[in-house]
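A.B. asks: Since the structure of chain A is already known, use the hints to place chain B on it.
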Amino acid sequence: MGRKLLIHNDKVPNIHTLDVYRAHGGYASVEKALKTMTPDQVTDEVKKSGLRGRGGAGFPTGMKWSFLAKPEGVPRYLVCNADESEPGTFKDRYLMEKIPHALIEGMITSSYALGAKTSYIYIRGEYFYVARILEAAIAEAYAAGWLGQNILGAGFSHDCYVQVGGGAYICGEETALLESLEGKRGNPRIKPPFPAVAGLWGCPTVVNNVETIAAVCPIVNMGGEEYAKIGVGKSTGTKLISASGHINKPGVYEIELGITVEDFIYNDEYCGGIRNGKKLKAVVAGGSSVPILPTDLILKTAKGEPRLMTYESLSDGGFQTGTMLGSGGFIVMDEDTSIVKNLFTFSRFYHHESCGQCSPCREGTGWIEKILKKFLNGTANESDVDLLWDIQSKIEGKTICPLGEAAAWPVAAAIRHFKDEFIEIARKKKFVDISHYNRLNKLVS
Amino acid sequence: MKVTIDGIEIDVPKGTTILQAARMIGPEVAPPAMCYYSKLKTSGGYCRTCIVKVTQGSSANPNPMPKPVASCRTEVMDGMVVENFINPDVLEARKGVVEFLLINHPLDCPVCDQAGECKLQDLGYENGSSKTRYEFKRREYEMIDIGDKIKLHMNRCILCYRCVKTADQITNNRVHGVISRGDAAEISTYIENFIDNDFSGNVIDVCPVGALTDKTFRFKQRVWFTKPVDANRSCDKCSGKTRVWLKGEEVVRVTARKDQWDEVEEFICNSCRYDHKKKSDWVIEGPSPINRNSVISQNHYQHLNELKVQIMKQQKALGFMPIDKKP
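In order, the protein sequences belong to chains A and B.
Under my numbering, residues 1 to 445 are what the first sequence spells out, in order.
Under my numbering, residues 1 to 327 are what the second sequence spells out, in order.
Each hint should be verified, as a subset may be incorrect.
Stated by the list, open to error - Which residues of chain B face chain A? A few of them, derived with a C-beta cut under 10 Å, are:
| # | residue |
| --- | --- |
| 1 | CYS47 |
| 2 | ILE51 |
| 3 | THR55 |
| 4 | PRO66 |
| 5 | PRO68 |
| 6 | ALA70 |
| 7 | ARG73 |
| 8 | GLU99 |
| 9 | ILE103 |
| 10 | GLU135 |
| 11 | PHE136 |
| 12 | ARG139 |
| 13 | GLU140 |
| 14 | ILE144 |
| 15 | SER180 |
| 16 | GLU186 |
What the hints assert, rightly or not - Under the rule of at most 20 Å between Cα atoms (straight-line distance), these lysine-lysine pairs were calculated in the PhoX-like manner:
| # | chain 1 | residue 1 | chain 2 | residue 2 |
| --- | --- | --- | --- | --- |
| 17 | A | LYS191 | B | LYS14 |
| 18 | A | LYS374 | B | LYS137 |
| 19 | B | LYS220 | B | LYS247 |
| 20 | A | LYS229 | A | LYS4 |
| 21 | A | LYS191 | B | LYS67 |
| 22 | B | LYS151 | B | LYS227 |
| 23 | A | LYS341 | A | LYS300 |
| 24 | B | LYS41 | A | LYS191 |
| 25 | A | LYS191 | B | LYS53 |
| 26 | B | LYS67 | A | LYS373 |
| 27 | A | LYS370 | B | LYS131 |
| 28 | B | LYS241 | B | LYS39 |
| 29 | A | LYS370 | B | LYS14 |
| 30 | A | LYS184 | B | LYS41 |
| 31 | A | LYS98 | A | LYS229 |
| 32 | A | LYS300 | A | LYS279 |
Calculated directly from the structure, the hints in this document are not laboratory data.
Because the structure is a prediction, the values reported are computed rather than measured.
Glycine is no exception: its CB is placed at the ideal position from the N, C-alpha and C atoms.
Bound conformation, chain A alone:
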């Protein structure tokens, strides 16, 4: 049984209320930080912990915090990115829904470390009911004095607000999120300047994922060095994984970084094996944008070592034979899955969610979707596979924000590992059943 630090209390009745949360050791990190530590000490603990951004990029959080510009007389902001929209990822929703105070506690502790008097939780529009849960929790925290003026008499004042977005994937990109938070069209900004220098309303801002902020509480409670003992190498601590697809037990699991992928898929503690006794075909390990890997490469690296659930092990071999831990959206596919159909689903999503600001992504994502539609209709030619490859290579790395890459990588990986399947469909003019998409479209319209 792995150690759990974030959702160990998720089954406790009424854990979403302040009293129950407090009775189970909640807000201890705020007490410890405000009463016994300086802001820099908190940052140091986070640095020592080796915590890496849980939103997908895996950038060391302590380092990100230390980049924050601290000019005199200019307010600083902490923004929590709760715009979790990557297909296959639902860990933040689970955390906020079950234990909203864990996030708020993390927001207060992190804001103390950063010297932010105001923080925002930007939550995606589809999570409107979660926003209500958070707002209720914030109201409780204000009433109990955890938020507001002079918290715990330690001289630190803090306000936390929830802002509901309009439901756009692109607003999960940190600069688009800030634009949206400012009330503008959610277009990513051109970097530099980075948010750490000029973010929300031109002020220094740190944008962190929900899970990252929540992980600050156990780090402060147990100490950064203790936290760093969990995990392997530079992948420290625990990570929430959203497991979905053809497995016996889909859901959100907190794992210690460093367990093997095989263990995660087949152990009854986690996914519990493939549904209906089928064989594993492929896994998308970190949310829809990371490269898909076939069975042999996801269970073992190209060198033959068992693949671990860590940032390094999953990306071992680069994109040729590896993938990424990403946001932890673990999508498992059994032997009956059509990779082409699955890719179409992803590409349709990225086409729909492109903001339209820069040309390669605006035009290219739609083009990819249309070509994949040809495969599903049975009208594709073999040359279309090369065309797809060429289009994705012309999007990747040429765009303002990472959405271009997110749209290009799944296409590249599917062709890299499952080219035969594309060719087979093109040769046989095989028709892939997409009737459920038509039903879905009818429902939407």
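C.D. replies: Then chain B, alone, in the frame of chain A:
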């Protein structure tokens, strides 16, 4: 700060972007730009045609930048080495961008008023392919009037945001912008509004393609049949320094003067642009210096004579007679 672009070194002040530095060297190394406009703040970064490869970040940090960068929004560092036209990867990437810009473009140059002074036409000629790989239906929109004298042809738009930034930065209230998302994004006005101010016509000048056209000039003349002259008049709203396009003695249109990079030198008012269409309204300074880099003025149709011979042969075979020789 010293920066080397395509092997040519230049000293530029701090804060200069790669594109500006390249323009200081000259057109032989300057990347094409569809959305960047030096007269408009925060413009650029969207179209990605100006991407270049930075092979050395700076002398302090000589590592190359991992991805191609938009030269219009990347500031130079001391000792930076940039590759533009000499790097095949950059040219290939740019070709890709041009293809993306063209897949949903109607390619209606023969009936487009912008033809001959269209940046996309030039770009397509220099970096595009002669064949399309896009086999699907192109995006279509209805033509709309977004101002009294401005026609919006959304089919042709490449979403460079120049007109939006112009309205933001030279007029008091912007009533148009980008609505919708992704490839459904379009320029439009706020509900039942239309662009109505003394400087609204400038959005036509900044438009790199034929998306925004002057209704008083539409379908009147092909630009290459008109003669541009620099002219001025005393105007209480703007400097009155304009470019007047003549056809014989008739003023067919008035625009702002444009510089070497096809950018407006000084924005002009609507009164100069629309209301003074008599030659006597203007003091003519002399012929405008035209940078002959457009498709037509460069005489790119190298096989034009051959084409003429072939057409004559066909006409002969069909029994046609040249018009001037008809009885």
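A.B. asks: Look at each hint and say if it fits the structure.
C.D. replies: The hints, checked one at a time:
1. The beta carbon of CYS47 of chain B comes within 5 Å of a beta carbon in chain A, closer than 10 Å, and the hint placing it at the interface holds.
2. Restraint check, ILE51 of chain B versus chain A: the minimum CB separation of about 6 Å is within 10 Å; hint holds.
3. Annotation: THR55 of chain B was flagged as interfacial toward chain A, and the flag is violated, the nearest CB pair being 15 Å apart, outside 10 Å.
4. A hinted interface residue such as PRO66 of chain B counts as satisfied when its beta carbon comes closer than 10 Å to some beta carbon of chain A; here the least separation is about 8 Å, so the hint holds.
5. Checking PRO68 of chain B against chain A: minimum C-beta separation of about 6 Å stays under 10 Å; hint holds.
6. Because the beta carbon of ALA70 of chain B sits about 7 Å from the nearest beta carbon in chain A, less than 10 Å, this interface hint is met.
7. A hinted interface residue such as ARG73 of chain B counts as satisfied when its beta carbon comes closer than 10 Å to some beta carbon of chain A; here the least separation is about 5 Å, so the hint holds.
8. For GLU99 of chain B, the interface hint holds, the least distance from its beta-carbon to any beta-carbon of chain A being 7 Å, beneath 10 Å.
9. Checking ILE103 of chain B against chain A by beta carbon gives a least distance of about 6 Å; that is within 10 Å, so the hint holds.
10. Among the interface hints, the one on GLU135 of chain B holds; its C-beta lies about 9 Å from the nearest C-beta in chain A, closer than the 10 Å criterion.
11. At about 5 Å, the closest approach between the beta carbon of PHE136 of chain B and any beta carbon in chain A falls short of 10 Å, and the interface hint on this residue holds.
12. Against a cut-off of 10 Å between C-beta atoms, the interface hint on ARG139 of chain B holds, since the closest Cβ of chain A lies about 9 Å away.
13. Checking GLU140 of chain B against chain A by beta carbon gives a least distance of about 14 Å; that is not within 10 Å, so the hint is violated.
14. Of the supplied interface hints, the one on ILE144 of chain B is violated, with its beta-carbon coming no nearer than about 19 Å to a beta-carbon of chain A, more than 10 Å.
15. For SER180 of chain B, the interface hint holds, since its Cβ comes within 10 Å of a Cβ in chain A; the closest pair sits about 7 Å apart.
16. For the restraint placing GLU186 of chain B at the interface with chain A, the shortest Cβ-Cβ distance is roughly 9 Å, inside the 10 Å limit, so the hint holds.
17. Between the alpha carbons of LYS191 of chain A and LYS14 of chain B the distance comes to roughly 18 Å, so the proposed pair stays at or under 20 Å and holds.
18. For the proposed pair LYS374 of chain A and LYS137 of chain B, the alpha carbon gap of about 13 Å is at most 20 Å, so the pair holds.
19. For the hint pairing LYS220 of chain B with LYS247 of chain B, the CA-to-CA distance comes to about 10 Å; that is within 20 Å, so the pair holds.
20. Straight-line distance between C-alpha atoms of LYS229 of chain A and LYS4 of chain A comes to about 14 Å, which keeps the hinted pair within the 20 Å bound.
21. Restraint check for LYS191 of chain A and LYS67 of chain B: the C-alpha separation of about 13 Å stays at or below 20 Å, so the hint holds.
22. Taken as a hint, the LYS151 of chain B and LYS227 of chain B pair is broken in the structure, with Cα atoms around 23 Å apart against an allowance of 20 Å.
23. Pair hint LYS341 of chain A plus LYS300 of chain A does not hold up; C-alpha atoms about 26 Å apart against a cutoff of 20 Å.
24. Between LYS41 of chain B and LYS191 of chain A, the direct Cα distance comes to roughly 15 Å. Compliance with the 20 Å bound is thereby established for this hinted pair.
25. A hinted pair counts as satisfied when its Cα atoms are at most 20 Å apart, and LYS191 of chain A with LYS53 of chain B qualifies at roughly 17 Å.
26. Proximity of LYS67 of chain B to LYS373 of chain A is assessed by CA-CA distance (about 30 Å); at most 20 Å being required, the pair is judged violated.
27. This hinted pair checks out: LYS370 of chain A and LYS131 of chain B have alpha carbons roughly 19 Å apart, not beyond 20 Å.
28. Taken as a hint, the LYS241 of chain B and LYS39 of chain B pair is honoured in the structure, with Cα atoms around 17 Å apart against an allowance of 20 Å.
29. The straight-line distance between the Cα atoms of LYS370 of chain A and LYS14 of chain B is roughly 45 Å, outside the 20 Å bound, and the hint therefore fails.
30. Annotation: proposed proximity of LYS184 of chain A to LYS41 of chain B holds, straight-line Cα distance about 18 Å (limit 20 Å).
31. Between LYS98 of chain A and LYS229 of chain A, the direct Cα distance comes to roughly 27 Å. Violation of the 20 Å bound is thereby established for this hinted pair.
32. Between the alpha carbons of LYS300 of chain A and LYS279 of chain A the distance comes to roughly 16 Å, so the proposed pair stays at or under 20 Å and holds.
Hint compliance for this structure: hints 3, 13, 14, 22, 23, 26, 29, 31 are not met, and every other hint is.
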